[in-house]
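Novice: So the protein sequences, as listed, match chains H and W.
Under our numbering, the first sequence has 1601 at position 221, and the numbering climbs by one with no breaks.
Under our numbering, the second sequence has 1568 at position 188, and the numbering climbs by one with no breaks.
A hint or two may mislead.
As the list claims (entries may be wrong) - Every beta carbon over 12 Å from chain W, so not counted as near; a handful from chain H, in silico: (1) Leu1383; (2) Thr1400; (3) Thr1444; (4) Ile1517; (5) Gly1830.
As the list claims (entries may be wrong) - Covered, in the sense of this in silico footprint (three residues per stretch, anywhere, with C-beta under 8 Å from a C-beta of chain H), are these stretches of chain W: (6) 1567-1580; (7) 1812-1818; (8) 1824-1831; (9) 1851-1858; (10) 1870-1884.
These are calculated hints, taken from the structure and not from any lab test.
From the three backbone atoms N, C-alpha and C, an ideal C-beta is built for every residue, glycine too.
2 protein chains.
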Amino acid sequence: MQLTGQNYIAGVTSAEGAETFFSVNPRSKERDDLPYHNATAAEVDRAVEAAAAAFAEARNYSSTRIADFLDEIADQIEALGDDLLHSADRETGLGLPRLTGERARTTGQFRAFGAMLREGSYLRPIINSEAAGQPSIRQMQFPVGPVAIFAASNFPFAFAVAGGDTASALAAGCPAVVKAHPGHPATSEMFALAFKAAIAAQGFPAGAFSMLQGSGIDVGQWLVAHDGIEAVGFTGSLRGGRAIYDAAARRPRPIPVYAEMGSVNPVVITQAALAQRADEIADGLVASVTMGTGQFCTNPGLILLQDSPAAQHFIAAVSDKMSAAPAGVLLNETIARGLEGAVSQTIANPEINVLTGGEAIADSDYFCFSNTVMQTSASAIRADDRLQVEHFGPVTLFVVCEDADDLRATVDALEGNLTSTIHAEADELDDISDLLHQLREKAGRVIWNGFPTGVAVVHAMQHGGPYPATTAPGTTSVGMNAIYRFMRPIAFQNVPDALLPDALKDGNPLGIMRLVDDVYTDGAQ
Amino acid sequence: MQLTGQNYIAGVTSAEGAETFFSVNPRSKERDDLPYHNATAAEVDRAVEAAAAAFAEARNYSSTRIADFLDEIADQIEALGDDLLHSADRETGLGLPRLTGERARTTGQFRAFGAMLREGSYLRPIINSEAAGQPSIRQMQFPVGPVAIFAASNFPFAFAVAGGDTASALAAGCPAVVKAHPGHPATSEMFALAFKAAIAAQGFPAGAFSMLQGSGIDVGQWLVAHDGIEAVGFTGSLRGGRAIYDAAARRPRPIPVYAEMGSVNPVVITQAALAQRADEIADGLVASVTMGTGQFCTNPGLILLQDSPAAQHFIAAVSDKMSAAPAGVLLNETIARGLEGAVSQTIANPEINVLTGGEAIADSDYFCFSNTVMQTSASAIRADDRLQVEHFGPVTLFVVCEDADDLRATVDALEGNLTSTIHAEADELDDISDLLHQLREKAGRVIWNGFPTGVAVVHAMQHGGPYPATTAPGTTSVGMNAIYRFMRPIAFQNVPDALLPDALKDGNPLGIMRLVDDVYTDGAQ
């Protein structure tokens, strides 16, 4: 596949900027020859203007028409063939098995949104019919307009140019202007070609999708500040997400930022669970911490348990297994340096004991960091919020609590997370209920006897959580409800049936589920 | 009823602050004798800490138990009797008929939320059962925690201490810390007594409700900055709302601000509508602009029509009727001065013609402003965004467009609004569809052949809209869906049935509507 290194603005390649960067293979630290051009402010403008024009043209497209487009995108991604897998593998080091699965998830996301759109009830129609002294009021969800999306480094498919943010924005009916991640520019350009082909095949306006390259922060700042952008989706670091959030809040006309910024994903293991399943939990934990070289926002980074000989034995076993596991490939130099910095800062705290790892691997010919297990006390973590920082890589921190009260106090002191997990036994159910609800307050998803890595793309999924996990805990970036980030309700008062969208017409021609006079029904009004 | 002038912190009166202010009767400009004490930073702290403690105690209360509490609040408000009406009338000048209706709306809101909670489907349970390679995932909505609420001046009942923000926060299961509006402190204290009585009667934790008085900006700033607050509801001016929004965005841990900040509520009148119904529309428009002395966030402040002799005749008729109408009482001196300032700034634009009014009424013994009608051109309003400023009072601005294209271009240039309205005739439906969708993009509610004042408290209501109408266009501050501002989804993965909330249990013991494996059902899983 012939790549250009250019931006794709409404389907047209453009390389007006003088600044360039290169794709780097994390397995060899070697860079590719093709220069990728950072987008300029003028190119950002053009992309947003094309998105606005596309929205004016497409804002009344039917759900079915949008569903056809989403299916076409999935088909076009598959048509990229194995070139896509090899490109992503070369740019991220994630390996073909993982990437093959991630591609299926990515195309699956587009098709799942397509299926939801064809069913139609996602529009959430609510009707209150005319009554004594009250007008007829009918509301449903509409797209908000052009959306800016920031691709993540760690999922070159499922959270990147063609990831869940883009899929849900397009499914909502919003044009997407995507800032590609500089860690995988070649893969990003391939996706841009797939979107261009899908737009042509389905007769969508060209501005429905643009892809901008950028190795610094300028492109993102221009994009978020642009008055034509109505909402922002972001997956990445706390620092990056907060910068985007702050930029959006500073606008003359602020817009919502849906930033998913990672997490330490606390795991509580009860004494009974340790007594029954120590080996199984240790194996599962090590697999979860090292999977994808630990580069998941749901990586279990904080393990809470009560002190006991069994706990000490368990911690030693996990440490041994982590030590024995090979050091995986990290995505890029920025990730490697960031991890080194975060771990250095943590171990500078005298209350932290490093059980294994804790340092970069000297003279490595690939980007990596030693698998790391640390230990501290509950009082230490309560005394210093910085110990709750995410270490984005194969790193976990045990928090040894003196007793149940110490554990409960520490859970209360946790910051917001994407997930929280508890390992417990069935005969503890009565005792564990309060703790479960405490953990619930700290996360968007609570896992029982499992591990947080692995996020099912289903309707019930909640991939979000209180700050600093996200900037919008009421929303999700994975699963079908991700679409509502990019829609808003609009009500019609006494509007004639002929002018109403089909979803709101008296006869319910779409046959969808609606809340009519406070009763759910898929019949006519 | 014996009032104290104090703050109510978890049911306990407190007056630690040295700063005081007084209740003023806008009909006489006379102030009452009782000093009201601005809350101190320490009092704000105590209120938020009490709210956090209440949340820890009450976060698992059943929907039915919360519904009983909401009904009790409505009963206790009614038990305040006519003292409440007379107090509000004395403090706002809104008159007993309006206030009697507003009280019914206010108690009705609590009972409507109660009914929704008893029905139970508002929890939005979504279940994806265990499948090949997928865990069981179940999500529903949970309360976010303590909420700060800022009462509005113009609805002493329905958008104030016991208004829709408080009702929806309590319905969600969130404790509420309410900053009362200094325009009606006596009325606010009466509500605090009703909440205290309801809490006692239903055995709710005392911190579920606190009421803080404050005549300046300090109390609100302390409240929004407090780490224990999870979300903010605000109704008021753009300046006030933006200040709250900015303060929340600056927090180390930002939180959502649901600010409803007013609007100019554009009304488009077609030539056919004018030809058919000019007199009727003129009467309706004048009634809508002058109702409540124009002090509604849905006041029709911008009227767009195409130039014609009929249009000129219509504008003159509206101007005559406005001129003939008596100058109503404004809520307080701040409102009166703010209106004078806003109108002065607008008429400083040489493209503005004042047709009637435009100035304060000299030597008036009550707070008021002359009923005002202004006129400008479409090109003028497109050239200067400041002409889209809200004039909070009995003021409207006609925008005379040269032709249909000029009108359409002007609608495209509109900022966000709570509502947009179109007056048109049935035989125009084919022509009008595009215009209707254009107006849709600019508002949260689109009204056909009616007027925007009058907001039905029903499930389908959307009282929101793009900035500057609100800071959160995906949400509503009126109607049943207002509750979702103060809830967030939490998912449970593989959690045993016995530990799940009833709404998520296999057997669906609550018998509520759930989305189970992508199908709506009120049966068991």
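Novice: If a hint holds in the structure, say so; if it doesn't, say that too.
Specialist: These are the hints, each one checked on the structure:
Non-interface status of Leu1383/H relative to chain W is upheld: no Cβ of that chain comes within 12 Å, the nearest being about 34 Å off. Even its closest Cβ contact with chain W, about 35 Å, leaves Thr1400/H beyond 12 Å, as expected for a residue assigned away from the interface. Non-interface status of Thr1444/H relative to chain W is upheld: no Cβ of that chain comes within 12 Å, the nearest being about 17 Å off. With a cut of 12 Å on Cβ distances, Ile1517/H falls inside the contact zone with chain W, its closest approach being about 4 Å.
With a least beta-carbon separation of about 6 Å from chain W, Gly1830/H fails to lie farther than 12 Å from that chain, contradicting its non-interface assignment. Judged by the Cβ-Cβ criterion of 8 Å, the region 1567-1580 of chain W is not covered by chain H as claimed, because only 0 of its residues qualify and three are needed. Using a Cβ-Cβ cut-off of 8 Å, 4 residues of the region 1812-1818 of chain W lie near chain H, which meets the minimum of three, so the contact claim holds. Check result for the region 1824-1831 of chain W against chain H: holds, 7 residues qualifying (beta carbon to beta carbon below 8 Å, three or more required).
Given as covered by chain H, the region 1851-1858 of chain W passes the check, having 5 residues with a CB less than 8 Å from a CB of that chain where 3 are the minimum. Counting residues of the region 1870-1884 of chain W whose C-beta lies closer than 8 Å to any C-beta of chain H gives 9; at least three are required, and the coverage claim holds.
The earlier numbered hints that this structure contradicts are 4, 5, 6.
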